[in-house]
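**Q** Everything in the sequence shown is counted per our numbering, starting at 242 for the first residue and increasing by one.
Be a bit skeptical, because a hint or two may be false.
To be verified - With a straight-line cut-off of 20 Å between C-alpha atoms, the simulated PhoX-like cross-links for lysine-lysine are:
| # | residue 1 | residue 2 |
| --- | --- | --- |
| 1 | Lys448 | Lys542 |
| 2 | Lys495 | Lys714 |
| 3 | Lys397 | Lys381 |
| 4 | Lys698 | Lys494 |
| 5 | Lys542 | Lys427 |
| 6 | Lys448 | Lys426 |
| 7 | Lys426 | Lys570 |
| 8 | Lys426 | Lys451 |
| 9 | Lys601 | Lys331 |
| 10 | Lys515 | Lys312 |
| 11 | Lys319 | Lys451 |
| 12 | Lys426 | Lys542 |
| 13 | Lys312 | Lys323 |
| 14 | Lys654 | Lys397 |
| 15 | Lys570 | Lys558 |
| 16 | Lys654 | Lys633 |
| 17 | Lys323 | Lys345 |
| 18 | Lys570 | Lys427 |
| 19 | Lys397 | Lys601 |
| 20 | Lys319 | Lys331 |
| 21 | Lys654 | Lys390 |
| 22 | Lys448 | Lys494 |
| 23 | Lys390 | Lys427 |
Worth flagging that the hints you see were computed from the coordinates, not collected in a lab. These numbers were taken from a predicted model, which means no experiment stands behind them.
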Amino acid sequence: MGILVRGRRLRITIAAALAAAAVVAVLLVVGSSSPASANTTTPVAKAAGGTTLTVAYGSTFVFLTPALAVKWWGGVAKEFEKAHPGVTVKFDPIPGSYNDIVTKLSLLYRSSSTAPDVAELPDGELGGWVASDYLLPLNKYLPTATYWKNFPQSVKNETTFNGTTYAVDHGENTNALFYNIPMFKKAGIPVPWQPHSWADILSAAAKIHKSNATVWPLWLQGGSAGGTIAIQYNGGNLLQGSSTPTIYDSKTKKWVVDSPGLLQTFQFYSDLAKNHLEAPASELLNPNAVDNVPALTSEQKMAIVVGANFYGEAWVKATCGPCWTAAPKTMGVAYLPTQNGPGYASSLGGWELAIGAHTKNASLAWDFIQTAQQETNMIDADNWGGWVPPDKQYWTAPQYTNYAPPYQSFFAKIMPTAVDEPNTTDFAIWGTGFNDATGAIIENPSTTPQQALTIMKNYVTQQLGSGLVETLK
């Protein structure tokens, strides 16, 4: 199709989306299935004849391309149906953006007649669905999930509320810095490059700008057009590396709307904007900004990119989103440092598999998830979805590390210290306020960090009330 479609992210035409969805039926019959892992319990056939299991997933946003999404889900369905004679998997593919997926699933869950038995969900929205009693608690099933014990606690936290787990992760994103090696050499910056503070990053960007005024020194998205998921790949990483990274105070049950860390983060955005060290505002505020990064990077339009592991996976031949065989020799990777060092920072976020609370086929739904989570299936999903495996046993598995070297191994090493964003109901409000603040700086570089902080504070306070927000000193 010649269209790059980010596995959590990229653009696709309506015609391409429909074509990709139509292929599902074919793949359910002829798609290749993945062998069961010795590390995971093989599902036991339990079904009576004529049973239908409904499965909803993002068809054009979650995997790196629609074709890979169809291939993976079709393969899992074929394997599951073989182990469960008489059961038919019926897919409800959801085309469109992140927000389209969230909206469609929320509508489906409102009625037991339309709610899917199994759904692929973003962790950042789980809080709302859990609060609405849309998801089935999974605690009684988890003892049979051999992969669960291998998940880092931060990954388990994404799907657990007050001790109850409502979903299991099948892919995670971690974040760091990509940098263009030839551009760095031209600017006289030694490579390999590893900055030790935010000042080091700004210094490198300034040198790039001086040596080549035609490229964008640094990519750091902001604004609300791309939704709150963009925080995970951009400004949220800076906040995690600030002196006060807290977003939600679990002790006081309040959202932080004023803190030294927020001010430091907005100051970094301001330094970029005032010194012409960022990409054009039209690019950064584009609703598809996250989606566009792999292509813009392959066109060598920017020197430094704050971004996620999936960029490296997008460039390989198996994905071609877009194909860029020179990427491993052109784009180096470095950890994102904390503001003044020492240490590094990364946000964490994943896509989860959950069972609808009102399903009549709970055991079958869990067996389907078990099939999806078997070793080969999990690693295929992580390669094709642009993720790091949630099961730490697979961080060094050749099937994973050889897919897009050297990026796979690098981003897997970040997993143990990456921090997940709050998944409670009101995160979308906090995130919108944060995005409004960064967007104001990008759109108008004369906006001061304090003014940006006021924009955020006013919005979140108006939406949640003064009793649910707080200031950290």
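**Q** Next, verify each hint and record whether it holds.
**A** To see whether the hints hold, each was checked on the structure:
1. Lys448 / Lys542: holds, 16 Å
2. Lys495 / Lys714: At roughly 15 Å apart (the allowed maximum being 20 Å), lysine 714 and lysine 495 satisfy the hint.
3. Lys397 / Lys381: holds, 15 Å
4. Lys698 / Lys494: Answer holds: lysine 698 to lysine 494 is near 17 Å, not above 20 Å.
5. Lys542 / Lys427: holds, 15 Å
6. Lys448 / Lys426: Since the Cα atoms of lysine 448 and lysine 426 sit roughly 11 Å apart, the hinted pair holds (cutoff 20 Å).
7. Lys426 / Lys570: Holds. Lysine 426 to lysine 570 sits at ~13 Å (cutoff 20 Å).
8. Lys426 / Lys451: Holds, because 13 Å separates the two Cα atoms, which is no more than 20 Å.
9. Lys601 / Lys331: holds, 15 Å
10. Lys515 / Lys312: With Cα atoms ~46 Å apart, lysine 515 and lysine 312 exceed 20 Å; violated.
11. Lys319 / Lys451: Answer violated: lysine 319 to lysine 451 is near 56 Å, above 20 Å.
12. Lys426 / Lys542: holds, 16 Å
13. Lys312 / Lys323: holds, 17 Å
14. Lys654 / Lys397: holds, 18 Å
15. Lys570 / Lys558: Roughly 15 Å between the alpha carbons, so the hint for lysine 570 and lysine 558 holds.
16. Lys654 / Lys633: holds, 10 Å
17. Lys323 / Lys345: At roughly 30 Å apart (the allowed maximum being 20 Å), lysine 345 and lysine 323 break the hint.
18. Lys570 / Lys427: Within the cut-off at roughly 15 Å; holds.
19. Lys397 / Lys601: Violated, at roughly 26 Å.
20. Lys319 / Lys331: holds, 11 Å
21. Lys654 / Lys390: Judged against 20 Å, a Cα distance of about 18 Å means the pair holds.
22. Lys448 / Lys494: violated, 44 Å
23. Lys390 / Lys427: violated, 47 Å
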